[in-house]
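Guided by the hints, dock chains B, C and D onto chain A, whose structure is given.
One-letter residues, chain by chain:
4 protein chains.
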Amino acid sequence: MCRWAAWIGKPIFLEEIISRPDHSLIAQSRRAEECKTAINADGFGVAWYAHRAEPGLYRDVHPAWSDSNLAALAGQVRSPLFLVHVRASTGSAISRNNCHPFAVGRWSFMHNGQVGGFDQCRKLADMAIPDDLYGDRRGATDSEALFLRSIGYGLDKAPIAAMERAVMEMQKLSERFGSTPHLRCSAAYSDGQQLYAVRYASDDCAPTLYYRHCPKRCGYMVVSEPLDEMRESWQEVPQGRVLTFGATGVTSAPFLPDASRRAGGMVSTQYAT
Amino acid sequence: MCRWAAWIGKPIFLEEIISRPDHSLIAQSRRAEECKTAINADGFGVAWYAHRAEPGLYRDVHPAWSDSNLAALAGQVRSPLFLVHVRASTGSAISRNNCHPFAVGRWSFMHNGQVGGFDQCRKLADMAIPDDLYGDRRGATDSEALFLRSIGYGLDKAPIAAMERAVMEMQKLSERFGSTPHLRCSAAYSDGQQLYAVRYASDDCAPTLYYRHCPKRCGYMVVSEPLDEMRESWQEVPQGRVLTFGATGVTSAPFLPDASRRAGGMVSTQYAT
Amino acid sequence: MCRWAAWIGKPIFLEEIISRPDHSLIAQSRRAEECKTAINADGFGVAWYAHRAEPGLYRDVHPAWSDSNLAALAGQVRSPLFLVHVRASTGSAISRNNCHPFAVGRWSFMHNGQVGGFDQCRKLADMAIPDDLYGDRRGATDSEALFLRSIGYGLDKAPIAAMERAVMEMQKLSERFGSTPHLRCSAAYSDGQQLYAVRYASDDCAPTLYYRHCPKRCGYMVVSEPLDEMRESWQEVPQGRVLTFGATGVTSAPFLPDASRRAGGMVSTQYAT
Amino acid sequence: MCRWAAWIGKPIFLEEIISRPDHSLIAQSRRAEECKTAINADGFGVAWYAHRAEPGLYRDVHPAWSDSNLAALAGQVRSPLFLVHVRASTGSAISRNNCHPFAVGRWSFMHNGQVGGFDQCRKLADMAIPDDLYGDRRGATDSEALFLRSIGYGLDKAPIAAMERAVMEMQKLSERFGSTPHLRCSAAYSDGQQLYAVRYASDDCAPTLYYRHCPKRCGYMVVSEPLDEMRESWQEVPQGRVLTFGATGVTSAPFLPDASRRAGGMVSTQYAT
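Residue numbers (the numbering used here), protein chains in the order written: chain A, 419 to 691; chain B, 419 to 691; chain C, 419 to 691; chain D, 419 to 691.
Do not rely on the hints blindly, as some may be mistaken.
To be clear about the criterion: a stretch of chain C counts as covered by chain D if any three or more of its residues have a C-beta under 8 Å from a C-beta of chain D, and this derived list gives those stretches [stated by the list, open to error]:
#1 512-523
#2 542-550
#3 553-564
Sample of chain B residues with no beta-carbon within 12 Å of chain A, all distances over it, derived [unchecked claim]:
#4 ARG449
#5 ALA456
#6 GLU587
#7 SER597
#8 HIS600
#9 ASP622
#10 CYS623
#11 ARG659
Selected chain B positions facing chain C (in silico; Cβ < 10 Å) [to be verified]:
#12 LEU475
#13 ASN487
#14 LEU491
#15 GLN494
#16 ALA521
#17 TYR571
#18 TRP652
Hints listed in this document are in silico derivations from the structure and should not be mistaken for laboratory results. Backbone N, C-alpha and C define an ideal beta-carbon position, used for all residues, glycine too.
Extracted from the complex, chain A is given alone in its bound form:
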């Protein structure tokens, strides 16, 4: 089922998320507590923004806990915005191309959840990927297809609406050709400037999503599962919401992949930094 975590704020070492906390992402790769699969050892990945518009992308198929290269990267690289993921496969092969995060241009994306019965609709999902993005379709995951679809829908211009449309398209595919649960999604994505986090499901059992403001380190941790026991410091994100983290703080809005969302206006709540 996967676990993930992200940071946005002043630059910190990647290890502040990957390995140092009591229940770090590496700890969660061995023993997650809030997801169906306790073990998330089918690969891992990091996308980090530093000196360039495009993120660096480091992914491998080993369990995160035993990769000395990941430990080296985590201990040396500082970044103001990065996404980290540990994977439990929901069907597709163990291969670097099937590990998260995915990156296209300046966008990066990672996902915990699934498109139900994706095997039955993968071909249609692939067909729906815009021609000019098909070269970026390197693996076979539902997650990568969802990401490419959202770019095709205009992630650059409308980062939330584009993701809503892509999610709805995948959900409809699953409703038509797949199986329940049709769509479950706790995801994070970024263009290197802002970080978006979505929690949504077609059946209201969306994977968990939390965030915490870190005043000392001047930034936000956004996670699928808290990185430590200080539960009261983690804000749980309700289902059907999308958070936008940026220089001015965090805003929350409904995430409504169905048509009514796009017809109506956006409701947003500004949280002080």
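Okay, now just chains B, C and D, sitting in the frame of chain A:
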């Protein structure tokens, strides 16, 4: 560009092809002599038939020369029919799923050559894969797409005609959307009973193909490049031919992907065992 | 802490141990039940005897559950005697050379347990390896050192006494320079003719060891943890015993690494096949 | 035989050495021109200094040219001092632990060359590693042993003399137990402040060593083989010399592992920056 070799006959150790000859496939992975890329170190694979109808498939992304597991397999496994391949990527990523041979059911397939400008027509090629075979599309190579297309065209019932149709379809795709050279192909495929070897190109520069009858070991070696210096013992296969190796020996027929081939009759030459 | 299983008898597919049983070794790599580490995902390995005196050896650092090559091998290779192991590292790096089984000449060996505080005595353990065997010291595990020491003590001529001496040497090293628990051992080793299984500990907390006679398949399964729920069909081996499985069935004898064992006679019990 | 390159100066992207030059290190992994082995595809590694006293260390067994993670790292990480290496094994196994550079504390080291007949003296070389450093002996290469020996001889206090002593010790081991050529060495090592480069051989056939001052990028490239065709801009280092690169420029001194060197004084030449 790749190098490959196959065996059909009495069971022999895989190493008789993989490592023991003077210019074995492992030697060719370091320094091939009859292909554009001297180094073929972007992965390797073995498909071997033994106790089951479906072949075993062992593939990895390391150079063949340094893989201790391949050496172990080669030294221990005996098979009456197997395909071995060392890869030089023509564009797609280094991943187990992009290594040859490919296997679906009892069929296995490996290829040296390319579909010209495949990146521009990969999406169309993927869309042409029959729905019931799309689950077997795990990588992004032109070779895997060609193989799946040929299965869709009825490799079971017409192993040569189906491959002709698939080759022509890929050639046309390249002619329309890709680039020259449109199609080059030195390939081998098998259902575990017979072994087929094809040499064809759209521009008459097909990669090389040879075979040798081995009376002592009671079988045939079929290779893209001879495994030793005894050149006179290797028969070069002309372009535009397909060989069928089976229990009764080897037959040769024209390989004509264009329409006239299917309209006309089959010319075959029987070689004594 | 590791889990392992072995077979001796008529040839069977490796998968009969590796993947097919309800609580197969692959299942145990995800969730073992009788050992400290539920997850054993720091590598795996198979040593199998077939057509040659020396075994084939296939090892890798991935979790066993996700390795397609292991699945292929298991489904295709038949052997009358093989050892399979899934690893949970007790300190040394994740590397093929640190995965079990180990093989030297016709001998193979795998181990569940540890030499307490091995880091403090590794150098001394390495120095004790006979000069002519040092070339086979490729990793850094206590297990490999124990194995090489036992070969040095004459595994060929006295397969039980040599292992007793090696175990005692390692135990003394740990008592002098290491830490408690000094030595815990549930191990299996073979020369391709017989299979030996040892259960011993310096503190009487030896890792578990079981075996089962399989009359239909004409052989014995020897395991660190039963492969299914039919508990009554598995014989638990008491601590301080060594079993010898061969063509005439199984014998049990005390395993006494301390000096008194070698001074006295051997007690053995013959079990009917 | 290996190829390597290093940088010291103002921070630059790792790719300025690894991939961007016409004959970059990745190009040399495919086709080196000034060494016995044209192909250096038995692994690669990077040690880079950034925010910490200890370097980051990224190593893997794949050919450098096909590793997407290396490409990501190279394109994102900037460092004022880093070492990069592509490996052609001289005997020891393909394993991350056998890839260069090696790192202990703040020291990093990489080597092109060999200790002749090291297999015959590896045990003695291992025994000579100081006890408190034996935990850092993770692989089986002559290079790692040489490095650990030099640390034991006081690299911290006398970075050149300690390396001379270690080199002489390994040379004597080879003279006594190994084979010719006894010692060949083109190596670089650093403590994160200065960069040392040595060219030495027992038989006067030392692997090549060059450096170039880069005024625009404010630093020095130090390489086993020039990274481009502008030969006149590369200074070849004579055999038997050690260069020290630091904040004040580069100094050259004799590298004399034999006893007379340590008995006499140090001759050094200061080159202007």
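- Task: Tell me if B/GLN494 is really an interface residue toward chain C, meaning its C-beta lies closer than 10 Å to one of theirs.
- Result: 3 Å, holds
- Is it the case that B/ALA456 keeps its Cβ farther than 12 Å from each residue Cβ in chain A? Correct as stated: the minimum Cβ-Cβ distance to chain A is 26 Å, above 12 Å.
- Task: Would you check chain D against the segment 553-564 of chain C, counting CB to CB pairs closer than 8 Å, and say if three or more residues qualify?
- Result: holds (count 4)
- Beyond 12 Å from every chain A Cβ: check whether that's true for B/HIS600. Check passes; 19 Å lies beyond 12 Å.
- Hey, does the B/ALA521 contact hint survive, CB to chain C under 10 Å? With a closest approach of 9 Å, the B/ALA521 hint holds.
- Task: Take a quick look at B/CYS623 and tell me if its Cβ sits farther than 12 Å from every Cβ on chain A, holds or violated.
- Result: 27 Å, holds
- Hey, does the B/TYR571 contact hint survive, CB to chain C under 10 Å? 27 Å, violated
- Query: Is the Cβ of B/GLU587 farther than 12 Å from every Cβ of chain A?
  - Reply: Non-interface label stands for B/GLU587: nearest chain A Cβ at 17 Å, farther than 12 Å.
- Item | Hint status (Cβ of B/LEU475 to nearest Cβ of chain C, threshold 10 Å) | B/LEU475 check passes; min Cβ-Cβ to chain C is 5 Å, inside 10 Å.
- Message: At 12 Å, judged by beta carbons, does B/ASP622 keep clear of chain A as stated?
- Response: 30 Å, holds
- Mind checking the CB of B/ASN487 against every CB in chain C and telling me if the closest is under 10 Å? 5 Å, holds
- Double-check B/LEU491 for me: the hint is only fine if its C-beta lies closer than 10 Å to a C-beta in chain C. Holds, because the Cβ-Cβ distance from B/LEU491 to chain C comes to roughly 7 Å (cut-off 10 Å).
Taken one by one, the earlier hints fail for this structure at numbers 17 and 18, listed in ascending order.
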